[in-house]
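I would like the entire structure built from these sequences, with the hints used as guidance.
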Amino acid sequence: MPITFDTNLLIYLLDMIGIIACAIAGTTLAMYKRFDLFGCILVSMVGAIGGGTIRDVMLDRHPLFWMIDLNYVFVITTTSILCQMFFHRHRDIVGILKLFDAIGLAAFSVIGLTVALSVGASPLVAVMMAVLTSIAGGIMRDMICNEIPLVLQKEIYISASIIGSCLYLGLGSFSVDDWIKQSVALTSIFVIRMLAVRFDWHLPSIELRKSTNK
Amino acid sequence: MPITFDTNLLIYLLDMIGIIACAIAGTTLAMYKRFDLFGCILVSMVGAIGGGTIRDVMLDRHPLFWMIDLNYVFVITTTSILCQMFFHRHRDIVGILKLFDAIGLAAFSVIGLTVALSVGASPLVAVMMAVLTSIAGGIMRDMICNEIPLVLQKEIYISASIIGSCLYLGLGSFSVDDWIKQSVALTSIFVIRMLAVRFDWHLPSIELRKSTNK
Amino acid sequence: MPITFDTNLLIYLLDMIGIIACAIAGTTLAMYKRFDLFGCILVSMVGAIGGGTIRDVMLDRHPLFWMIDLNYVFVITTTSILCQMFFHRHRDIVGILKLFDAIGLAAFSVIGLTVALSVGASPLVAVMMAVLTSIAGGIMRDMICNEIPLVLQKEIYISASIIGSCLYLGLGSFSVDDWIKQSVALTSIFVIRMLAVRFDWHLPSIELRKSTNK
Chain A
1 MPITFDTNLL IYLLDMIGII ACAIAGTTLA MYKRFDLFGC ILVSMVGAIG GGTIRDVMLD
61 RHPLFWMIDL NYVFVITTTS ILCQMFFHRH RDIVGILKLF DAIGLAAFSV IGLTVALSVG
121 ASPLVAVMMA VLTSIAGGIM RDMICNEIPL VLQKEIYISA SIIGSCLYLG LGSFSVDDWI
181 KQSVALTSIF VIRMLAVRFD WHLPSIELRK STNK
Chain B
1 MPITFDTNLL IYLLDMIGII ACAIAGTTLA MYKRFDLFGC ILVSMVGAIG GGTIRDVMLD
61 RHPLFWMIDL NYVFVITTTS ILCQMFFHRH RDIVGILKLF DAIGLAAFSV IGLTVALSVG
121 ASPLVAVMMA VLTSIAGGIM RDMICNEIPL VLQKEIYISA SIIGSCLYLG LGSFSVDDWI
181 KQSVALTSIF VIRMLAVRFD WHLPSIELRK STNK
Chain C
1 MPITFDTNLL IYLLDMIGII ACAIAGTTLA MYKRFDLFGC ILVSMVGAIG GGTIRDVMLD
61 RHPLFWMIDL NYVFVITTTS ILCQMFFHRH RDIVGILKLF DAIGLAAFSV IGLTVALSVG
121 ASPLVAVMMA VLTSIAGGIM RDMICNEIPL VLQKEIYISA SIIGSCLYLG LGSFSVDDWI
181 KQSVALTSIF VIRMLAVRFD WHLPSIELRK STNK
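Residue numbers (UniProt numbering), protein chains in the order written: chain A, 1 to 214; chain B, 1 to 214; chain C, 1 to 214.
Check the hints yourself; a few may be wrong.
As the list makes no split between identical chains, a pair holds if one copy fits it or if it spans any two.
Stated by the list, open to error - EDC-like cross-link-like pairs, simulated, lysine to aspartate or glutamate; straight-line CA separation at most 16 angstroms:
{"#": "1", "residue 1": "Lys-33", "residue 2": "Glu-147"}
{"#": "2", "residue 1": "Lys-33", "residue 2": "Glu-155"}
{"#": "3", "residue 1": "Lys-98", "residue 2": "Asp-200"}
{"#": "4", "residue 1": "Lys-98", "residue 2": "Glu-155"}
Hints listed in this document are in silico derivations from the structure and should not be mistaken for laboratory results. Note that the structure is predicted; figures quoted are calculated from it, not measured.
Shown next, in the form of structure tokens:
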């Protein structure tokens, strides 16, 4: 009997940590924009479950994941209300928020990838769904708040999600167990993202500038 | 034989009044942004039927409501063209527009709620769909026009929709007739919204400020 | 045996030219906004296949067109990367980009129209889907980049799509062959758009100004 490890519960927990990070980030941004109680909750909902919603709609998975498991809605609402009550202490948590956010990026990517593969999507589409699940919520949140989406700018974010997803798919060619693939993907995305935060990594622009004059 | 009253026709009429209000509001905003004839019509479409479209897509109801009943498209197009022709008289109608808008908020909420319940959504999801139907169109309209959505800011808007929806669901526990539930929800949402407009009510921020110094 | 001509391959080729135009336009805008490598690719994806994605979701066509034919994703990614490498030469291609863009407008409109008719949509909805396929991607691209969508402003763009679609539907009443209808629609949209670009045509505002004083 092979040694196995059920990663589903772990991924669910990491997912919830990511949801909390998204809810805090969304609420904070919404409060800066002077949205009211429900405006803040709505923006944090969009940020936290918007990406997964678009993924489910594109893959025709109904009912949507948060309609089946109402914990998402409860966790986001509670987090947003608590965050609004203790908004002035927000600066204390920037560090932990980046940690949570990296955990969420890893969990969202692996969930998006496995969900897409489970409905028979091709590997390329699965990687796109991993990226979409991770970032579409944040992009929509920034669009509602009239900000240019941060994740599209100079940050190692999409790239971490793509690298982890490709590792997952690559290991699949060697018929590796699911839990190993998931662990490798989760760890690699988290580590790459945290290293990027720690050392302020940016993806270089690939524009070929004229190297001669001006 | 119990006394009943068919509220479906009433709700349809109120719905159309709300659609007209959304079309006028969308066209007016689009004209300020100097959009052309069709740009204005498109923005008013997004504002008027965008929320219901997102609701139908999320609940997997196909064909979408405005594809079955083309009256929506005709009413919006006609309203938008008339509004563009008589734009300079716009200031005369601000008052009536707020009235129409409150009627629309009530009708959209009740429709979103009942539609969600009819496809077996849980009460929490049904309330979310009521809110979504009422405000998602306006949010998308403001996003297209590069404005921060007004309904998320300091206005009693989402809250009116939530209160009316909860009243509807609460009355459902006492096996009250549908028309009573619908009438109570419609009236309460409309009255709360109009009182908020009249007395300039805002939802208080729930941020706990340090009450001592600075 | 009637003379026929298979326009499907032609439309596919024109479609790809339009996709390339959208990818270049999206990448260029994203680079001005200082997005990174993947940010630019994502924006060009949204611009190129966003409209068709919304159309497919609204019409409940699954899997989405770009999940079946991965050429779309490959072409957009390649175009975006090449465009980022040779960004400084961008000014040389503004003229050809407008040509490509007009080709794309024609192809996207005819595809949106025929796809909608093939799933039994009414003519009015089919025209709306033609417009949606042509412009929704560009609108979402501009929304992500925090710009007011150009196509909604003073440009003959939506109108060209509507005129061509109506010609297609009008010819349908005379039981004309498909390839003739498609050719007429493609040509008319392309010609109207190029004439508008060439002679700087704008749709007049239909606002009835007070003609007397002030």
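Which holds for Lys-98 with Asp-200 at a C-alpha limit of 16 angstroms: within a copy, between copies, both or neither? So Lys-98 and Asp-200 pass the 16 angstroms test inside one copy only (13 angstroms; across, 39 angstroms).
Treating 16 angstroms as the Cα threshold, decide for Lys-33 and Glu-147: within, between, both or neither. Answer is both; intra-copy 10 angstroms and inter-copy 12 angstroms each pass.
My question is about Lys-98 and Glu-155: at a cut-off of 16 angstroms on alpha-carbon distance, are they close within one copy, between copies, both, or neither? For Lys-98 and Glu-155, the Cα distance is within 16 angstroms only inside one copy (13 angstroms; across copies 32 angstroms).
Checking Lys-33 and Glu-155: alpha-carbon separation at most 16 angstroms within a copy, between copies, both or neither? between (23 angstroms within a copy, 14 angstroms between copies)
The structure fails none of the hints (numbered hints given earlier).
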